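J.: Okay, here's what each chain looks like letter by letter:
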Amino acid sequence: MEKAILSVRNLKTYFFTQRGTIKAVDGIDFDLLPSECLCLVGESGCGKTVTALSILGLIDSPPGRIVAGEVVYHDVNLLKSSREQVRQIRGKEIAMIFQDAQSALNPVLTIGDQIAEQIKLHLKFSRREAKERTVSLLKEVGIPSPAEAADYYPHQLSGGMKQRAMIAMSLSCDPQILIADEPTTAVDVTIKAQILDIFRRLKETRQMSLLFITHELGVVSEIGDRMVVMYAGRLAETATVAELLGNPRHPYTVGLINCLPDMTQGNDRLQSIPGTVPSLIEPTNGCLFHPRCDKALAICRRQKEPSVLVNQGHSVFCHLYSPAETSQPC
Amino acid sequence: MTNWLASINYITGKVGGIRKLILILMAALLGVTILLDVLVVEKIFDPLGYLYIALGTLAVLYGIYPLYTSRRLVGYYWERASQNRLAVAGLAFILFLILLALIGPFFTTDPTATNFEEKNIPPLGFTIEESVYHPETQQSISKTITGSGKHPLGTDNKGRDLLAMIVSGARISLQVGLLATGIAVALGTLIGVTSAYLGGKIDNILMRFTDIMMTFPFFLLLVFIVFIFGPNLAFIVLVIGLTGWTGTARLVRSETLSLRTREFIMAAKALGASDSRIILAHLVPNVISLIIVIATLSIPGVILAEAGLSFIGLGDPSVTSWGMVLRAGQQNLDTAWWVAVAPGVMLFLTVLAFNFMGDGLRDAFDPRSAV
Amino acid sequence: MPMKKNWLRDYIIKRLFFALIVALGILTVTFILVRIGPTSPADKYLANIAARGQDVSQAVAAIEARYGLDKPLYEQYINYVANLGRGDWGWSFSTSMPVIELIKTHWIYSFQLIFLSSILGALVGILIGILSAVRQYSKTDYIATFFSFIGISIPNFWLGVMLILLFSVKLGLFKTYYDSGIPIFSLDNLRQLTLPVITITTGMLAGYTRYTRSAMLDNLRKEFVRTARAKGLPERTVIGKHVFRNAVLPLITIIMFDLGSIVFAGAYFTEIVFGIPGLGRISFNAIFADDYAVVVTVTLISAFLILMINLITDITYTYLDPRIRYD
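Residue numbers (numbering that gives the first Met the number 0), protein chains in the order written: chain L, 0 to 329; chain V, 0 to 370; chain X, 0 to 326.
Just so you know, these hints were derived from the structure itself, not from any lab.
A portion of the hints provided could be inaccurate.
Just the calculated beta-carbon pair ranges, DEER-fashion [claimed, not checked]:
id	chain 1	residue 1	chain 2	residue 2	range
1	X	E100	V	E128	46 to 52 Å
2	X	Y176	V	T111	27 to 33 Å
3	L	Q17	V	L94	27 to 33 Å
4	X	L319	L	N246	54 to 60 Å
5	X	S137	V	Y51	43 to 49 Å
6	V	T260	L	Q17	32 to 38 Å
7	X	S137	L	V253	45 to 51 Å
8	V	G198	X	K70	38 to 44 Å
Owing to the predicted nature of the structure, the values given are computational and were not obtained by experimental measurement.
Glycine included, each C-beta is placed from N, C-alpha and C at the ideal position.
From just these sequences and the hints, can you work out the full model?
T.: Take a look at the structure:
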């Protein structure tokens, strides 16, 4: 197996509030391989964004804090590095795209300003060089008349254009890793296809690893190589996209896939997973999914789910597949 | 008996609620009393008395009564506000001040009584050297004066008791603060809500008028008006109230604008409620928390404005206010420093207390600060 | 965008027009107030002249000619506006000179005071405010917040008196009174302005600290700040460029809004307490001499200054905030 460019090990990010400790991310592991697109999938509030922010050291503290784990990038543990070291990596080697470009762009600075700023900072370009690069980046993401668009303020661009500008901004220093946090959620369906196209093209043209965060399995199947399914701050299942969509093991993943409207079979009702996402405050000893799981065993309530390798590169975090498990259904 | 109730019900139904009925009755009553006061007998109430009655009615109908009906919510806010120790300290000081103003005068001497035998006595615990000029010997003799329990805060250069003056000043400051703020906030709320609710031309005219009012430097306008019309406490209160509503109007307007399109206003409209009913029964109660905060935070400015007027000599000469005492103290800084210190400390603490309380209330009402 | 230029021009014209209406409003209000006042300026003037044992009948004729009191009200009003426009601001009998001359010799004293304290107050206040917001809930923040509460609560005129009591009367470090014999542009003048400047600046500084803090806090948790950090920008740039640029706009509005109440009223009291012969002081003196023309003029000057500063702010705003241009 190839050596990972980014390894996340036992990452735990908690938020300490007056109402208790929220375990937003509670011990997750995954590897990002060179030039692959890894999709991080789960319902909203399951800790996908917090994971991404933790990697870049952008968790607001207080109330948040990374309490344990490692984020290893090129043999360096980012969580143990100095703030200055991490800052040098941010934007230059690991860039991030946020979900809502409307609020992620600074309203009082021009698009060009916001992109060039980063180029001047990390690549030590002159003003003019930075401007040229900005224009060519805007062109690369398909913004019409890029030279003019660079002088626009965010509110002068449409939602789709803003998201493109955001992508151009993240690409400005040729990062090794691009983290995209639901880049297609806040835009229209038609724009969504165009944005996905840009990502697909980037995958082909650039030697870059992509960590793609989304809650839509349709998007995953279009651009993902491997995927990680998260539930309530923990991992549920991880495998290649083809393997996982074709042969899901975890009851949660199965549920997610069943929720998709199946056009070929003509089912007239959409399915859903019963119950709601658990509160992340109350401590539970067992598997967090067991209250909603139709296959739950007695042990699920008492003991944390184990990691089980069910296939080459396919792990599932569930008691059902534990070889030692012989308990009765509860 | 049933006839009675039925007719009351009928009338309240006609005017739109018992609250409005009381409001109309009170307005009529006040109007009649004022007419009687002016035309037939003199001095049924003094002008401040009228203000108290009018604002008291408004406060009960639109402040205390709604708060009473939503006790649980008030309890919740109180719990949140009481976590702010500075706000609680502010409240404690204000309560102390109210007590001082209400019962203080019974325990102190007349603040205007001069006694040149006992002039420039320092506060209890202080001793000063004063050189006294004797006309017979034509020499200055150094004399030691020690503060005594008779005048705990000392006396001024006319021998007036400083404690008595402070107590009297507390009364004046609180009266001005509460009454003028009451007028300003009531007026500002009415203008703000009306402007936002009716919108269009009326909104435009009212807001442009507000802009013009705001262009005037508030204190200089006050000085100007009091200079022209002469200093009288009730008049000063009225002027502060009538010029100080602009900030309230703007804030209330923007709050109302966000309420205007909410479902419950739409529902009231759909049910055929009149504009005045929607404004008074639906919109005003919903901006009440904002109004309470504005009122609390406006009081310091109003108190300072009155004190400032008195300090520059435009205060009502018939009452003893803190600003006036401070003015007297400033002129005798080298012989009796305490006369300038005491009223200023009181003024400062009062303003600070209202600011602390207002800030605490704002945080308590602010849903964003709830974690 | 070709629309931009036209839009901006229209906006400025609209603003200017509105300023003109406000200016007329101000003139009208002062005119009405003086007219409906219980005693007319002429009465007070005459009483003063009579008290000094001078010839009243001559004065009466002079006044009637000047104010045109025998003419209809609208003509008086037009006269009033026209005279003000011509720079004929009336006669100050207490100082025996035209009001405009009085203003010309005294404005500089107010200006130096307001200028020095505004710069000091804004610079220090904004700096502390930023620091306080960036370190929200830290010890620095608590101390800054506490002192800003004290600063906004301390009555300006009392603070001045206390500073004189402490530094001039007890410690003898400064003179108790402002000496207008000292040239304005001298170190000695700067020295004697120390206490007055502290007096005005305290309230201003506290106010600006609070406003800056809350404006910064409003923007610090916005998403674009996270973007700026994700770009690897140093914290200095994130705060100084991205957050402050957004905070500065509401800040300017609030500061302008408070100009009349904090700066002008503050200067008024400070001049009175320290005996600085600025506009506040001459208005104060005029009040006791019943010198109407001076009181009216000083009030008008401050109102017009605020109007003008508001206008300038409004127009600069359109250049500073890209969003409002297309609203």
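J.: Please name the hints from earlier in the document that this structure breaks, with their numbers sorted from lowest to highest.
T.: Violated hints: none; all satisfied.
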